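Trainee: Here are the chains, one letter per residue:
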Amino acid sequence: MSLSISFSGKTAALAAALVFVFGCATPGKLEVTSQGTSSSLATPSLTADRALSNERLSFISIFPLENLSGSAAPLKEIRESLIQDLKNKGFRVLDEKLLEEFMARQRVRYVGGIDGANAQALGEETGVGAVLITSLELYDEKYPPKIALTARLVSADDSPVILWMDSIGLSGDDSPGLLELGLIEDPKELLAKAPESLFGSLKPTLSQIQDEGVAARQRRKFRPKYFFHSPVMDPEEKYVVAVLPFFNWSDRKYANEIMALHFVRELSKLRNFRVLELGVIRQELLKFRIIMDDGISLDQANVILASLDANLAFTGKVIDYQDAQGPEGTPVVDFSLFVIGKKGLEVMWASKSYNKGSDGVFFYDWGRVRTANAMASEMVRTVSAMMGSEFRKGKK
Amino acid sequence: MKLRLSLLTAVFLSLMACAAPTRYHDANMDFGGIQTVAVIPFQNLTSQKDAGERVRDVFMNMLLASGGVYVLPPGEVARGISRAQLAEPSAPSVEEAQKLGNVLTVDAVITGVLREYGEVRSGTAASNVISLSLKMIETKTGKVVWAASSTKGGISTTDRLFGGGGQPMNDITEEAVSELIHQLFR
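Chains A and B supply the protein sequences, listed in that same order.
Letter by letter, the first sequence follows residues 1 to 396 in my numbering.
Letter by letter, the second sequence follows residues 1 to 186 in my numbering.
A portion of the hints provided could be inaccurate.
Stated by the list, open to error - Partial list, derived from the structure: chain B residues whose beta carbon lies under 7 Å from chain A: (1) 79; (2) 118; (3) 170.
To be verified - Straight-line Cα separation of at most 30 Å, DSBU-like style, residue types lysine-lysine; simulated pairs: (4) A:253 with A:76; (5) B:152 with A:225; (6) A:238 with A:225; (7) A:87 with A:97; (8) A:253 with A:142; (9) B:49 with A:225; (10) A:287 with A:238; (11) A:97 with A:193; (12) B:49 with A:343; (13) A:253 with B:49; (14) A:188 with A:97; (15) B:135 with A:225; (16) A:287 with A:253; (17) A:193 with A:89; (18) B:152 with A:221; (19) B:49 with A:221; (20) A:188 with A:89; (21) A:343 with B:140.
It should be emphasised that the hints constitute simulated quantities derived from the structure, not laboratory data.
It should be emphasised that the depicted structure is a prediction, and the values quoted were computed from it without experimental measurement.
Built from N, CA and C at the ideal position, the CB exists for glycine as well.
Could you build all of it, start to finish, from the sequences and the hints given here?
Mentor: Spelled out as structure tokens, the structure:
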């Protein structure tokens, strides 16, 4: 009797252990945070709320491209090549007709972002787990051909979260190589290269996405020329960030929107920052009819931060955003950034950055940056990383 | 003797011209009491569109980065200008400066005039130049407590002799603004 009790006790313990192990290893579950896959750094509440299945995440919708290039571009061809590459990677893509019907039904005209209502409707009506939002920053067929794309994967639910984001800026003369054998003269060849470069870090399981944190690579020459950081920032705090529209003082059309995308991408990589989806912010700005004359006022910042439940508002001015003209040209990027905190409604960070593609180039074009996208990416990455490290310095 | 005297006078006059004072500091003003300032849009006397805003952007960021005073963000300044209903935002009257100070709760307002910005040419030589003057108005009294100007860049003798395009616009703007901030805190 005692043996049988002991045996059944062991069996029960074994069964419990098995159930526990299986419970831990339930296939098809993936914890996704705003910064990518879960890790020890993930916010527990976020991982619980945003637990999505692999199967659902691998079924995505691809919005039509947002054209920020300021010129005509083969948007359909580019989108087709993106779809094909994602299919090759194992994603299931929502049928074109179903997407068109959804967009007509919900009257979706803005394709540069998605708000909560539309994201939820998209998820419920079509069954997709996420939507890919792509912006074309540059398309130039003249020699050397150039293309710059930014894409982000946003969850299709009532509070959309950026699951993955990346961008590329390619130029035909990026890697001329020995005897210029590496030059790309055909824009189609460059276009074919773009999706692979863009989606290099994107997998259906999102298992490759890493939280880069503030350890992001910094290059000294791309540091802001001068900056201010408020000592009242709490390095322990998790910040919810709203990237508001930038002001465009440059001659380049849409430079402000492009700069906002750069900031969303780079800030998403910081461990203590959760960046809100641009479509959600846009919807709130429209709801409160906020019109900014020369930047956001403190009252407006208060309203928008409270409604979005965010701590920091990023805004600024784009002074120059020029791409290289011709093979000898050099890109120029010049911007200033103001970060307003909810606590005390004060400026938490201000900086001014400007660079040319030829900065720090002394021998044989070594280190030359060919596109404004690539340079702005470096500059914004450096500002963002400094912000992270500055917060940590403040802690000490 | 006459020749020596006239030569000496000429040298003295030229030295005096070089050392002409370009700043004013109110001797009775306690600058330590100024903690928050609003930089209002600069008057742009150049032919280059948006040059005033470009220089103002640099000045605001450098002043904030200096840590000497807190600078209100430009959007808040725009709201203040709108609320105070300034007739000419870049050149406020004493009453307007005081009104703006009350609306924005700032200790001082900084105004500026951009006189030159961009490329200048002389023969075959070309170079960038900037000429900027600033004024600080205390909002409590409406008095100008500090004024200074700075000119940087231009065509040097080397440029005339050997050519060359001078320094980039951003660099000389930074130099001029840095000099003005240095004068403010001196």
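Trainee: Each hint should be assessed against the structure and marked as holding or not.
Mentor: Each hint tested on the structure:
1. 79: holds (4 Å)
2. 118: Since chain A brings no Cβ nearer than about 14 Å to residue 118 of chain B, farther than 7 Å, the hint is violated.
3. 170: This hint holds: residue 170 of chain B lies near chain A, its Cβ roughly 5 Å from the closest one there, short of 7 Å.
4. A:253 with A:76: Cα-Cα ~21 Å, so holds.
5. B:152 with A:225: holds (19 Å)
6. A:238 with A:225: holds (27 Å)
7. A:87 with A:97: Roughly 17 Å between the alpha carbons, so the hint for residue 87 of chain A and residue 97 of chain A holds.
8. A:253 with A:142: holds (19 Å)
9. B:49 with A:225: holds (24 Å)
10. A:287 with A:238: holds (26 Å)
11. A:97 with A:193: holds (27 Å)
12. B:49 with A:343: violated (37 Å)
13. A:253 with B:49: This hinted pair holds, its Cα atoms lying about 16 Å apart.
14. A:188 with A:97: holds (27 Å)
15. B:135 with A:225: holds (25 Å)
16. A:287 with A:253: holds (25 Å)
17. A:193 with A:89: It holds: about 15 Å lies between the C-alpha atoms, which stays within 30 Å.
18. B:152 with A:221: Roughly 24 Å between the alpha carbons, so the hint for residue 152 of chain B and residue 221 of chain A holds.
19. B:49 with A:221: holds (29 Å)
20. A:188 with A:89: holds (21 Å)
21. A:343 with B:140: With a Cα-Cα distance of about 28 Å, the restraint between residue 343 of chain A and residue 140 of chain B holds, given a limit of 30 Å.
Consistency note: the structure conflicts with the earlier hints numbered 2 and 12.
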